Structures are given as structure tokens and as C-alpha cells.
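**Q** Now for the letters of each chain:
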Amino acid sequence: MANIMIRRGDKGEYVFYLPKRDLEDTIVSMEFDTPEKWGGEIKLNNGGSYFIEPQTAPERLPYSVRAKRLDAAE
Amino acid sequence: MSNLTREETEALIAEVLEVYPDKAKKDRAKHLAVNDQSIEQSKKCITSNRKSLPGVMTIRGCAYAGSRGVVWGPIKDMIHISHGPVGCGQYSRAGRRNYYIGTTGVNTFVTMNFTSDFQEKDIVFGGDKKLAKIITEIEELFPLVKGISVQSECPIGLIGDDIEAVSKKASAAINKPVVPVRCEGFRGVSQSLGHHIANDAIRDWVLDVKKEDTSFVPSPYDVTVIGDYNIGGDAWSSRILLEEMGLRVIAQWSGDGSLAEMELTPKAKLNLLHCYRSMNYISRHMEEKYGIPWMEYNFFGPTKIAESLRKIAAFFDESIQKKCEEVIAKYQPMVDAVVAKYKPRLTGKRVMLYVGGLRPRHVIGSYEDLGMEVVGTGYEFAHGDDYDRTIKEMGNATLLYDDVTGFEFEEFVKKVKPDLIGSGIKEKYIFQKMGIPFRQMHSWDYSGPYHGYDGFAIFARDMDMTLNNPCWNKLIPPWKKPAAEGEDMAKAA
Ligand code: SF4
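Protein sequence lines, in the order shown, are assigned to chains B and Z.
In this text, residue positions in the first sequence follow this note's numbering: the first is 1, and each later residue adds one.
In this text, residue positions in the second sequence follow this note's numbering: the first is 75, and each later residue adds one.
FYI, nobody ran anything at the bench for these hints, they're computed from the structure.
One should not assume that every hint holds.
[What the hints assert, rightly or not] Straight line, CA to CA, 25 Å or less: simulated BS3-like cross-link-like pairs of lysine-lysine:
1) K341/Z <-> K99/Z
2) K341/Z <-> K250/Z
3) K20/B <-> K363/Z
4) K125/Z <-> K363/Z
5) K68/B <-> K250/Z
6) K341/Z <-> K68/B
7) K37/B <-> K118/Z
8) K20/B <-> K488/Z
9) K68/B <-> K500/Z
Since this is a predicted model, take the numbers as computed values, not measurements.
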């Protein structure tokens, strides 16, 4: 489990940030992206993927949340 | 000398690595790369933010240097106690040339060194009492001080002093903020972790303090300048551009900055981030907690300045955008004059850089505006995200080197033969003795500012002064010059 921060990029896309490793990347897909259910498996541009416990969407971004690493790209 | 091709650069790296023992070779190989603009993620070509190899020369600093020297040091109306033995603070005192306005020793303290000067007995019995006493003494001797920060040096963490408890107590006693910073030098691999720790200390001990204070009247055009340390006056030459554009700069972090400015920062509309490496942490925090967006910008060289000014203006309404164009137009004749004067003297010259923070990528624009080319660049303490941002700025097949060792850097220079090197004081005299013009790019070689339009004029002059200095053809004494030249001189005499 790692603390990550999700924010909006310049083009409105989700940007993933892992402070511990200074890893910043765009999110290419998020399993659930509706106001009621948000999170699930997220896929990063670098090929890595993480899992956020599905929850109601955060009221505003950036938002810090705990995520589980499914598959780190390396 | 013409530029190296990709194969030649790769061969050069391989050649330089040859001297290392196998294990060291494997490790160093990951830190040296040939730039390839098609790569999006730097970690595919270069590894960074790893521990330096024992036995090689590195010019990195420690976490204490990152916190005391870089982030906290320039905050002018606070006293930063170098808590521990005297050397760490004394040998780095006033070295960064963070300019500020104020009367040193009365209401500002940047260039002074305050230390608890640990002795053996403090290590054995702990230094908490001493710290408490120092804080009371400071309050007595310098009543105008606005706050105190306690910058831990290595021994503090080793002997387990409780500086947090002392700070809390002292803060209540003197009724001023006392911020304990756990930036012992042994933490992390370089000064970079010191920046992070310092950012976290500001987050925990400074930002929320004035939450209830309503005396400050915000305006819709409040911005802050973050990650500008006012080296040689950099922040001032940046600030005026923003102000001319109609924005109000409510805080400077941390060059010529004050405690009150930092406390007010959560009321800004936009945080402008210059040095991404040292202050992205706090910017991200403020974005999440206070909803203040942040924006990276680059005030080196007219091309990047105009680009950045427009980007900043685009965040605000049309009146700002209009004024932004006026500012750019106003400085254009000055820029044209500088370029007309210096470009012919500098064009085509090749530069190698090795600095820290933001400069290995940010100054590239300045050089390019003068027709120069950066053929190699590297960071002392960057992380992956810095290299992500660098790859796009650098030409294809140029050299990238992370935490370069003394040996590697010299060998690269011998082969690449740049016309100018920009790096730190430790490299300066070696390269000058090798006959290569050199600028010290950490504190601008006693010059500056280099930010903003005014800074660009100084930058161009300095580069010309260094590169075209007549001393560089005087390196060979007359009796060692080839015969033909000697005869000419004899005739002339
Ligand atoms: S590593 Fe430790 S002892 Fe050395 S300068 Fe840094 S804080 Fe001081």
C-alpha cells in the first residue's frame, strides 16, 4: 500500500503522483469513474497499474488516497 | 569541433566506464545516457536519486545543506540555528548569495551563522538544555526576530535529542514560532531529501498558523513566487515582470522572503513554481489542501520568459493578458539589443552543464537565445521527474549524466571539448587549468541576477566576458609556442 495523489493535468486528464518515489504519470484508464463509484484498477502510461478501493468520487482534486500496487512497470 | 553522433557518444560513455571495477561500472552505467527525445520516460534511459558510489568524487551535499542552506536559510527575518557542531553552518555560511533587504543583525539574519557549537559533553549528555538556552538568548539579543528554526545536524539524530519538545516549550515561552527540522545530514542520498524535509516542516509548523487571521485583504491577482532563492537578485528581476503584468506577488519563497509571507501563501490564487525540485512538495500540498493550483515557469532567456509570461497570463483574465503582451513588447527592444551585441560573439559555441535543482534544464533556453548549444547536462541530485522534463529540452544524442563523478566529467570534457562549462566551485579551477572557460552556475560566479529580462542582459555579458576573455590564448607560454608564431612575435618586437 502506498500513498498516492491524484490530480488533474493540463488537458483535464487524471495525473498520478507517488510522492515516495517521485513518480508522476498520466492515468490512461480508471476502472470506475462516476460520482458514486470511483477508483478500482488504474492503469498508468508507463504500463504500471494500481488499485484504489472503489469509493464515491472525491469532491475536488487533488486527492490523496491509499493505493495498492498491482503491477509496477520496470 | 563538430557534435558527436549517437554512436560516438555511446562509445564515449563506454570508454569512460572502462576504468571502473565491474560492480561500479554496472552502477555508473545506469547514470550516464545519450539523450533520445523520443523517450517519454526518463527512467528508461537514466537512473537517478541513488546513493553515490563510495570511492568516487561526488559534489552532492547533505540533507542539512538542503534544508538550512537552500529552503530555510534565505527566510530573512527568522534565525536558523545550525544545531550541532560548528562546522556545518560555518563552512556554508552566506555561500549562496541569497540577496535580501534589511539590516543584518537587527531585523534580518540571512548571512549570519547561529550554531549551538556542540562539544563532547553535549554529545554525551544531550544538547536539549543548550538549545533551550540558545533560544532564550536569541530572543534577548535579537528581539526583532520573527521566528526560529532548529536545523539538525548529524549528531542530533544520532544521540536522539528531542528538539520537538524543546521547540514547543520555547515557542510558548517567547511567543514566536520555533520550528524543529529533522534534516540530519545522513538522511537520504543528497540534499534533495533535505528540501523535502524542509517543505514538510513548513507544512506542519508554518502554513496553518495564521489561518484565523483576517487582516490580509486578498485580491484576485495574488500570486506567489516559489522556489526562487534570489541568488544575486533573481527573484527581484522576476518579480517586477509579474508586477508589471498586473499581478500582485504576495510571497517569495524563500529568497528575500519572510515568515509572514509564508504564512500568507495559502491565500494566493496561483503558486508559481520556479525550482520544481526543491519546492514541488509544498506546492502539491497547497494544491490539495487549499485548492491553489501551481504552475511551473522558466524565466531564463527571452524565449522562455515570453512563453512563461503568456502561460501565467492565460490563467487570469483578459486585462492581465493584454498587459502581459505589453510587458513582452516593452522589453523586446532591450532583448534585441542584447542579442545583436552578443549573439555574433557567442553563436555556435558549445556548453556543458552540471548543476543542481532546475538549472541543468532551465538555462538551456538562455544559451539557445544567444545561439549557443548545450551539448551535455546533468544534475547533482535530480529525481526521475526532473529527467522527464529534461529530455525534451535537450538535443538528440547529447550527453546526460547523473551525479557525475569527477573522473567522468573530466573525461567527457576532454572528448566533447565544449567551449564553456557551467558548474560549481569545485569544478571551476580544474577546468580553468585545463584551459576551458568556466562559469560557476550555482551562485552565478559572484554576478547575477540571471532571471528575467534584466537578468538575461547580465547573463549574456557574463558569458561573453568568460568565453572571449583574452586569457584563454595566453595559456601556452611564448617559448613553447610553435616556431612560426614565435618568429612573428620577434618581428613584431
Ligand atoms: S553530513 Fe552531517 S556533519 Fe556533514 S555537513 Fe551535513 S549535517 Fe553536518
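**Q** Does each hint hold? Answer for all of them.
**A** Going through the hints against the structure:
In summary, the hint linking K341/Z to K99/Z is not supported, as the alpha carbons are separated by about 50 Å, beyond the 25 Å threshold. For a cut-off of 25 Å, the pair hint linking K341/Z to K250/Z stands: about 21 Å separates their Cα positions. A C-alpha spacing of about 19 Å is found between K20/B and K363/Z, which places the hinted pair at or below 25 Å, so the restraint holds. Between the alpha carbons of K125/Z and K363/Z the distance comes to roughly 32 Å, so the proposed pair goes past 25 Å and is violated.
As the CA atoms of K68/B and K250/Z are separated by approximately 42 Å, the hinted pair breaks the 25 Å bound. Under the criterion of a C-alpha separation no larger than 25 Å, the hint pairing K341/Z with K68/B is inconsistent with the structure, at around 34 Å. Among the hinted pairs, K37/B with K118/Z is inconsistent with the structure: their alpha-carbon atoms are about 34 Å apart, more than 25 Å. With a C-alpha separation of about 38 Å, the suggested pairing of K20/B with K488/Z is violated against the 25 Å cut-off.
At roughly 44 Å between alpha-carbon atoms, K68/B and K500/Z are farther apart than 25 Å, so this suggested pair is violated.
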